[in-house]
Amino acid sequence: MNLPDGIANAEDRLGVSVRVHELLLAPLAELYGDSVCVEQAPAPEHGVVQYGFDHGEYRCAAAVQPLNDRAAIVWVTARLGRFHTEYGRALRWLACNREDNTVGLSVGHECLERRELWVACSRVTTPGDRAGVREMLLDVRSELSRLTVALGPWFPQSVEGARLHLLEKECAQSEDEAMLMLATFPRQFMSVLESDEAYAGRVEPAVHVMVNAWLARWSRVVEQVEKLAESAPDDEDSPERRTFLLSLKLVALGRLGRWLEVMQTAEELGALLADPREALLTHRAGALYGLGRYEEALALCRPAESDGNPRLWFWKSLAQARLGQVEEARESYCEYERIAGPDIIGREKLTELLPEE
Amino acid sequence: MRDRFRLQIPEPAAAPSTRRDEPPLAPAVRLLVQRWRVEAALRHLGFMLRVRGNRIAILFDTQVTVLELALDPDGGLALSIRAFLGEVILVAPARAFAEGRNEEAGPARIEIDEAGAVSVAWQHTFPDEVDGDLVTNGLSEVCDLAESIHATLVEDFYLKGVNCP
Chain A
0 MNLPDGIANA EDRLGVSVRV HELLLAPLAE LYGDSVCVEQ APAPEHGVVQ
50 YGFDHGEYRC AAAVQPLNDR AAIVWVTARL GRFHTEYGRA LRWLACNRED
100 NTVGLSVGHE CLERRELWVA CSRVTTPGDR AGVREMLLDV RSELSRLTVA
150 LGPWFPQSVE GARLHLLEKE CAQSEDEAML MLATFPRQFM SVLESDEAYA
200 GRVEPAVHVM VNAWLARWSR VVEQVEKLAE SAPDDEDSPE RRTFLLSLKL
250 VALGRLGRWL EVMQTAEELG ALLADPREAL LTHRAGALYG LGRYEEALAL
300 CRPAESDGNP RLWFWKSLAQ ARLGQVEEAR ESYCEYERIA GPDIIGREKL
350 TELLPEE
Chain B
0 MRDRFRLQIP EPAAAPSTRR DEPPLAPAVR LLVQRWRVEA ALRHLGFMLR
50 VRGNRIAILF DTQVTVLELA LDPDGGLALS IRAFLGEVIL VAPARAFAEG
100 RNEEAGPARI EIDEAGAVSV AWQHTFPDEV DGDLVTNGLS EVCDLAESIH
150 ATLVEDFYLK GVNCP
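Protein chains in written order, with numbering that gives the first Met the number 0: chain A, 0 to 356; chain B, 0 to 164.
Simulated from the structure, these hints should not be mistaken for lab results. For each residue, glycine too, the CB sits at the ideal point set by N, CA and C. A hint or two may mislead.
[Stated by the list, open to error] Some, not all, of what chain A presents toward chain B, calculated at C-beta under 10 Å:
| id | residue |
| --- | --- |
| 1 | V35 |
| 2 | V37 |
| 3 | V48 |
| 4 | G107 |
[As the list claims (entries may be wrong)] If you anchor each label on the Cβ, the simulated ranges turn out as follows:
| id | chain 1 | residue 1 | chain 2 | residue 2 | range |
| --- | --- | --- | --- | --- | --- |
| 5 | A | E266 | B | T124 | 18 to 24 Å |
| 6 | B | D73 | A | S144 | 50 to 56 Å |
| 7 | A | G307 | B | M47 | 40 to 46 Å |
| 8 | B | F46 | A | V206 | 55 to 61 Å |
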C-alpha cells in the first residue's frame, strides 16, 4: 500500500530519529556512565528521550529531535547555575567567553527570569554519523571543563546547576513552604529564618551559611562558620561538613581580601583533604599575591603545577606584571586564556597593571 | 485530522544495536544502555522512579516494585521484576495459599520466604535488547497479581505492608 506523502515522510523522519538516538547512547554511557538517567520519555519508541547527567557542578541534558527524512538533531544543554547577585555581570562574562564557540550561550525568557546561565550545542546528524555524535559529546565535555577554570572563581556565589537540580527534586517532595523558597527566593527564605526562631532552630545551620554565600554576604559567612566551629568542636563534627563549611569560609575570606586568614584557613582545610596541595594551590597563590608577596606567588605557579591547575597561569601573569616582567605576564595570560577561553574580568585585572601602549 | 494522522503512523522498525563493522559495546555500557530503555519505557508510562545502579524502584500504595537488569553468562539480558508487599505473620498458611495461586500458572509467581516476606516475581531474558512492550507486560503481570492477593494477605494472614507504619 502506498502511503500519502505526508505520512511516509513522518515515518521516515521518526525512523531516522530512532537511529540517531542509537548513536547517542553508547558515547553517553562511556563518557558519563551511571550518572546518566532518563529525565523525560515523551516518545521512546521514536527515540525521543531526554537524558540527564552531571558534569562536575553543572547539570546537563541530551536528546535527539526529529528533523527530516535524512537527519535528526542531537542537542546537549548545560545548566551552569543561578546567580542571585551579579547576574548581569556573569551573563556578560559568559557571552564573551562563549563567543564563536560551538558550545554557545543559550538565553531564553525563562532563563533570564530565573537568573540562570545555560550553554547549549546542537548538531544535525545523519544516521551513520557515529563518530560525529561522539566528537560532539567530547567537545561539550572539554568546553564545560574549560568553563570551570574561570566561572567558579569569579562567581563563587552561584548556585551550581547540579545542586539546583538536586534541590528542586527535594523541594518537589517537600511540604515545607520555607524550604520550597530556598532555591528560588533565598532572600525570603532568610527573612523567614530571621523572623521565626523556632523554625530557624530546625534548619541545619550549614544551610544558613550556604544561602548567605549564594547572596554574597561574605562577612556573614565567615562569622557563621566561626560561630559554628566554636559551638561544635572539630571532633564532634563530620569531616564532610567541616570541609564544606571551611571551603565556604575560604572563598568568603578571599572575596573580603583577608589574605592572611585565607592562608590560615587553607592550612586548616588542607588537613581534611586527600590532595590538599592540588586543591588549595590557587587559593594560596591568590593570597600571596594579595599580600604583595609576588615572588612567592610566582614560585608557587611553576609550569608543572600550572599544568594540573590552569588557574595558576592567571596568578602567575598578575605576579609577573607586578614585578615588571611585562612580556612574560602577557605570555602567561595567553596561556591561561588558551585553556580557559576569553576572560574579560581577567583581562581587565591584567590591563590595569600593564603600562599603557 | 491530526489524530487520524497519528494513528496511521506505524511503529518504526527497530534499528540494529551494532553494525557488523563496529566493535560490540563493553558489557557495562551495554547494560547501562538497556537500563535506559527500561527507564524510558517506565517514564513514558508516567511512573515516578528511584534509580540506583541497575535497580529501578517504583513506589505503589501497597507495594514497592523493583526492576533489576543483569547480564547472564551467555550475554543475554536478564530482567527481573519483583514486587515487595511486606511480611505476613501467619507464614505457613500464607505459603500454602501462595502455592495454590502459583498453580494457576500465570507468568508471575508469589514467593514467601521463611521469615514471611512476600514478593511477586517475574523474570525474562532478552537475547539482545530489552523490549519495552515486554517490560510493561511483565510489570502488569506482577502488579495485577500483587494487587489481587493484597487484601487476602492482609485479612487472612496479617500482612504488614512495606508502605504501612
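Against the structure, test the hints numbered earlier, and report the numbers of the ones violated in rising order. 4, 5, 6 and 8
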